[in-house]
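Undergrad: Here is what each chain is made of, one letter per residue.
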Amino acid sequence: MAVDFEPRIVGFLCNWCSYAGADMAGTARICYPSNIRIIRVPCSARIDPLLVVKAFQLGADGVLVAGCHPGDCHYTEGNYYSRRRFAMLHPFLEYLGIERERFWLQWVSASEGKKFSQVVSTFTDGLIKLGPRKAVTVQ
Amino acid sequence: MSAAMDQTAQIRQKARELLENKVVDCVIGYERATDGVNARPLFVYEPEEADRLIFDQTCTHNLTRYLLNRKGKPTAIVVKPCDSRAINLLLNESQLQREKIHIIGVVCPGVVERQWRQASAKLLNACQVCQQHVPVIYDVLVGELPSEPTVAEHYPDVVEMEAKSAEERQVFWKEQFSRCIRCYACRQACPGCYCPECFAERLDPLWVGIRIAPGENEVWNTIRAFHLAGRCIGCYQCEQVCPVDIPLSLLNRKLEKEVLGLFNFQAGMDAETSPPFSTFKKEEKLGIGE
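In order, the protein sequences belong to chains B and Z.
Sequential numbering of the first sequence, starting at -11, is according to my numbering.
Sequential numbering of the second sequence, starting at 7, is according to my numbering.
These aren't lab readings, by the way, just hints derived from the structure by calculation.
Certain hints may be false.
Said to hold, decoys possible - Each computed PhoX-like pair below joins lysine-lysine, with the alpha-carbon atoms no more than 25 angstroms apart: (1) B:Lys122 with Z:Lys180; (2) Z:Lys170 with Z:Lys180; (3) B:Lys42 with Z:Lys180; (4) Z:Lys77 with Z:Lys28; (5) B:Lys117 with Z:Lys28; (6) B:Lys122 with Z:Lys170; (7) Z:Lys180 with B:Lys117.
Work the whole structure out from these sequences, hints included.
TA: This is how it looks when you write it as structure tokens:
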């Protein structure tokens, strides 16, 4: 099973850094797994934890949130807020039974095409190792 | 129960005074419920009604929720220590005007579980680990200051849950949430849940599907708890009103524990400090994204 398993990853990328970083990976012809489905958002602070929880509910195997490095936010301080938010959401998701490895927050700048590809590859490999999310049925 | 009798007498006297002097229009407190054992909320508008007020260990409600319906009207309210933190929270979030509320704080030894027509002696789980026996904000304090409380571990059940495997936790919560009937009583009882339009009632986008299904229930319960991260003051009204006994405080207290660990913050301890999500420090290390 693990061999054929292709994880579905939802990636929320900030418009100004990480999405441009993904673009950079593309123009530089750097390969990264096609498991990631990218959703472009204005800022990492736009990503309501609700979006992450909803993605997991609808069957995502992993969720990646990426934004500008702290200090580089296009809106000056958006990513500081998202850092606090996701620092709380991460242990909370784990507490609800979603493994730590399934949720990632990463800072990827517009020039870091290489880093973007590495992040996606490492994340995907980790998820393949972890296997699909188990369907739990309750009576 | 002499201490409780004493507190009742003092609350009555204070309420009568406030109404007679027209300091407030209304005193929100507790009275004996029709089953003769439990307590229920009471709104006193006339001085001669003040003798209906009581306070003892059956007074489980957090009455601060009702203050939100009396915005701008001078109101007195009886609060336990946990409820008093809700007042600080609401003041911080500009939902109340301090000069319009008169707070009758009661020293609280903990309240008991509600049982229909039966006097219970079992303290609520929350009260067994409570460290706060005196309100954090009050205009008048009713009751004797207690000697130093002895409390061991504040989050024993949370730690126990954390020690389980991810799969065990997933199964546990799936089972709990599958019982949810999404009556939203947890939201209605919560002093922190006052949004005029809740995300659960949005139709476009539809965040929480109308169907009562495990997945939808999970989204609701997760986000309800998360919206209270750093804001939950631990009155456990949500858990008390839950008709299907979902251990909601186990979620709230996990977040409380994380907030305490990461930001050294406890909600509602004063009205000035903002909750952790509405502020930040540039140089902090939170163990994520590094």
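Undergrad: Work down the list of hints and note, for each, if the structure agrees.
TA: Going through the hints against the structure:
A distance of roughly 12 angstroms separates the Cα atoms of Lys122 of chain B and Lys180 of chain Z; the hinted pair therefore holds under the 25 angstroms criterion. Only pairs whose Cα atoms come within 25 angstroms are accepted, and Lys170 of chain Z paired with Lys180 of chain Z is accepted, the gap being roughly 15 angstroms. At roughly 15 angstroms between alpha-carbon atoms, Lys42 of chain B and Lys180 of chain Z fall within 25 angstroms of each other, so this suggested pair holds. Only pairs whose Cα atoms come within 25 angstroms are accepted, and Lys77 of chain Z paired with Lys28 of chain Z is accepted, the gap being roughly 17 angstroms.
Under the criterion of a C-alpha separation no larger than 25 angstroms, the hint pairing Lys117 of chain B with Lys28 of chain Z is inconsistent with the structure, at around 70 angstroms. As the CA atoms of Lys122 of chain B and Lys170 of chain Z are separated by approximately 16 angstroms, the hinted pair is consistent with the 25 angstroms bound. Among the hinted pairs, Lys180 of chain Z with Lys117 of chain B is consistent with the structure: their alpha-carbon atoms are about 24 angstroms apart, no more than 25 angstroms.
The structure does not agree with numbered hint 5 stated previously, though it agrees with all others.
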